[in-house]
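**Q** In case you want the letters, here they are:
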Amino acid sequence: MVTLARRLGALVLTLVVSSFVIFAGMYAAPGDPLTFLIKNPEDRTPDRVAAVRAAYHLDDSFLSQYLSWLKGVLHGDLGTSFVYKQPVADLMTSRLPVTLTLVAMAALLFVVVGVLLGVVSALKRGTTIDASITGVTTFLTSIPNFVVALVLVSVFAVQLRWFDVSGSGEGFGDRLYHLTLPAIALAIGAFAVVSRVTRQTMVEQQSLEHVDVARSFGLARRKIVRRHVLRNSLGPVVTMCGLIIASMLAGTVVIESVFGLNGVGSMLVDSINAHDFPVVQAILLYMVLAYMAVTIVVDLLYPLIDPRTLERSGAA
Amino acid sequence: MTAIGAPVLAAPRKRRDWAFYPCLAILAVAVGAAVLSPWITPYDPTATSFDAIWVPPSPAHWLGTDQLGRDLLSRVVDGARPTLLGSIALLALATALGVLIGLTAAWHRGWIDTLLARITDVMFAFPGLLFVIMIIAVFDSGTVTAVVGMGLAYAPVIAKFTRAIALEELARPYVDSYRLQGAGGFELCLRYVLPNMLPTLLGYLVVLFGDGLMSLATLNFLGFGSQPPSSDWGLMVEESRTGVIQGVLGPALVPGLTIAIVVVATNVVGVRLSDKLAVRR
Numbered sequence: 001m002v003t004l005a006r007r008l009g010a011l012v013l014t015l016v017v018s019s020f021v022i023f024a025g026m027y028a029a030p031g032d033p034l035t036f037l038i039k040n041p042e043d044r045t046p047d048r049v050a051a052v053r054a055a056y057h058l059d060d061s062f063l064s065q066y067l068s069w070l071k072g073v074l075h076g077d078l079g080t081s082f083v084y085k086q087p088v089a090d091l092m093t094s095r096l097p098v099t100l101t102l103v104a105m106a107a108l109l110f111v112v113v114g115v116l117l118g119v120v121s122a123l124k125r126g127t128t129i130d131a132s133i134t135g136v137t138t139f140l141t142s143i144p145n146f147v148v149a150l151v152l153v154s155v156f157a158v159q160l161r162w163f164d165v166s167g168s169g170e171g172f173g174d175r176l177y178h179l180t181l182p183a184i185a186l187a188i189g190a191f192a193v194v195s196r197v198t199r200q201t202m203v204e205q206q207s208l209e210h211v212d213v214a215r216s217f218g219l220a221r222r223k224i225v226r227r228h229v230l231r232n233s234l235g236p237v238v239t240m241c242g243l244i245i246a247s248m249l250a251g252t253v254v255i256e257s258v259f260g261l262n263g264v265g266s267m268l269v270d271s272i273n274a275h276d277f278p279v280v281q282a283i284l285l286y287m288v289l290a291y292m293a294v295t296i297v298v299d300l301l302y303p304l305i306d307p308r309t310l311e312r313s314g315a316a
Numbered sequence: 001m002t003a004i005g006a007p008v009l010a011a012p013r014k015r016r017d018w019a020f021y022p023c024l025a026i027l028a029v030a031v032g033a034a035v036l037s038p039w040i041t042p043y044d045p046t047a048t049s050f051d052a053i054w055v056p057p058s059p060a061h062w063l064g065t066d067q068l069g070r071d072l073l074s075r076v077v078d079g080a081r082p083t084l085l086g087s088i089a090l091l092a093l094a095t096a097l098g099v100l101i102g103l104t105a106a107w108h109r110g111w112i113d114t115l116l117a118r119i120t121d122v123m124f125a126f127p128g129l130l131f132v133i134m135i136i137a138v139f140d141s142g143t144v145t146a147v148v149g150m151g152l153a154y155a156p157v158i159a160k161f162t163r164a165i166a167l168e169e170l171a172r173p174y175v176d177s178y179r180l181q182g183a184g185g186f187e188l189c190l191r192y193v194l195p196n197m198l199p200t201l202l203g204y205l206v207v208l209f210g211d212g213l214m215s216l217a218t219l220n221f222l223g224f225g226s227q228p229p230s231s232d233w234g235l236m237v238e239e240s241r242t243g244v245i246q247g248v249l250g251p252a253l254v255p256g257l258t259i260a261i262v263v264v265a266t267n268v269v270g271v272r273l274s275d276k277l278a279v280r281r
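Just so you know, the protein sequences line up as chains A and B, in that order.
Just so you know, my numbering puts 176 at position 176 of the first sequence, and the rest follows in order with no gaps.
Just so you know, my numbering puts 235 at position 235 of the second sequence, and the rest follows in order with no gaps.
With the rest of the complex left out, here is chain A (with noise of 0.2 Å):
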């Protein structure tokens, strides 16, 4: 409870702290904010440009500037988009969906096959197979994850026409469907990290004596890699697991523009080109948000698969 409640004051810290930075990031940006709301020169009448400063409180103090969107996030009030002319908030919950489902897909993806390739190449040790998962991962990790997507596009959906060259899709089972071929450039690359963390720790608890123990019972060889190696080999996978998604929550701007994804990552992009600052703000603050909520969701996870971490951190 303890360690929890100290996690939740780091996360509230780390927020805040990075809500001050991106705010006065956003604040120190050359170039008046008034350029971006009226387009047009001529519109730029002394009434007019009084009306927009107030409407966005350009007049007043940094730092009460900052209170007031600070109290306005707090609210669920993210302030309003300079391009669209909409509330941000309702901006961003049109995207999240879409970007959600995709992390979640490439995360279930790498874990299942990054998981069983480690499970393999652990058991195969040594052998061609063992060095030739390890060789193909490893390269595959080293191609950029937007050339694998365009390759993705060109083998899949130009050449074969599986499926679309881009687009969300409508519904559940075609938005699963349009996100297929993204949520698999997104997760070739955490295959080699995933697959190896397994495999070293798989090889370590395999020459530990309690496994020696249940071998010489005469246990098949599938109960004592299920229960003996596997199990006690999840700590360490699960938290390298949980690092890869949160940096996947970043990795979305660079998929969804690829494959033209109404996520929130393509809106990042398509925001800081055009100087929405409200909007930036708001997917950068979601960003740092969401990285953090799944570090601390791995930490409580921890002690679930690995109970004697709790009795340790107790006892101590």
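A couple of the hints might just be wrong.
[Said to hold, decoys possible] Listed below are the simulated DMTMM-like cross-link pairs for lysine to aspartate or glutamate, each with C-alpha atoms no more than 25 Å apart in a straight line:
#1 K160(B) - D176(B)
#2 K85(A) - D140(B)
#3 K160(B) - E209(A)
#4 K160(B) - D121(B)
[Said to hold, decoys possible] So these bits of chain A aren't anywhere near chain B, every CB distance computed over 12 Å:
#5 I22
#6 V52
#7 A55
#8 H57
#9 L58
#10 S68
#11 L100
#12 A104
#13 V112
#14 K124
#15 A157
#16 W162
#17 Y177
#18 R231
#19 I305
Just so you know, these hints were derived from the structure itself, not from any lab.
From a predicted model like this one, the values you see are computed outputs, not experimental measurements.
Ideal Cβ positions, reconstructed from N, Cα and C, are used throughout, including at glycine.
Chain A is already provided as a structure; the job is to place chain B on it using the hints.
**A** Below, chain B alone, put in the same frame as chain A:
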């Protein structure tokens, strides 16, 4: 994505020994291309030719041409310079900052160490790509912004590594003996400790180089870094996207695979170098 984090170190080194010299050769070719590019490209890398759009590989154009009829081989060779220089610049900035922070923390310990550790922790809690994107949102896109932003994002990683090896180094007897002879902290760190750490640091930096090259290529692909008509590899991939949709994959594959091959080569060379140079530890 190539989210900045612990760089992916390659698997056991025994099996990879055969790969070291070919990879070194690949890096030599890449550096050679970067140095000699103005003289060795078969065509002008920016010369467009509308009679030769999306030509497949042929004796005239070994790797084919892109959507503006520019020779892909010439562009890839020409792109070696901005791509490698960008990665070197970002790593140089990150190293200068990281080593300074790491060494200071290890030397002073106490509250300075704690403060610097907190700052690097906060940076670690923030995905590197996000940090760079924020810098770009504030200061607008461009090569300098992208390189500086990436350099700042990589500094904590290097600081953490430097601190760890510096603590080990400072515990050695020679440090105490120099201190007894009256060497000041600054002089001691700069003249004796740093050179001793350099080999270990170097291997690590070579591995980070591949990682940095990929991250920078990602920024360029998003259009946040180099601008056309630069033949930076990441930008080349971005410009090839219209071709991909129309069924022409070559212009995307050529720079894309070049990045992959160079990254693999630096990883293999870097891991081998760390093993060899750090033998003393």
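**Q** A separate judgement is required for each hint: does it hold in the structure or not?
**A** Hint check:
no. : hint              : verdict
1   : K160(B) - D176(B) : 23 Å, holds
2   : K85(A) - D140(B)  : 22 Å, holds
3   : K160(B) - E209(A) : 35 Å, violated
4   : K160(B) - D121(B) : 9 Å, holds
5   : I22               : 6 Å, violated
6   : V52               : 21 Å, holds
7   : A55               : 22 Å, holds
8   : H57               : 19 Å, holds
9   : L58               : 17 Å, holds
10  : S68               : 21 Å, holds
11  : L100              : 16 Å, holds
12  : A104              : 17 Å, holds
13  : V112              : 20 Å, holds
14  : K124              : 14 Å, holds
15  : A157              : 8 Å, violated
16  : W162              : 15 Å, holds
17  : Y177              : 19 Å, holds
18  : R231              : 24 Å, holds
19  : I305              : 22 Å, holds
The structure does not agree with the numbered hints 3, 5, 15 stated previously, though it agrees with the rest.
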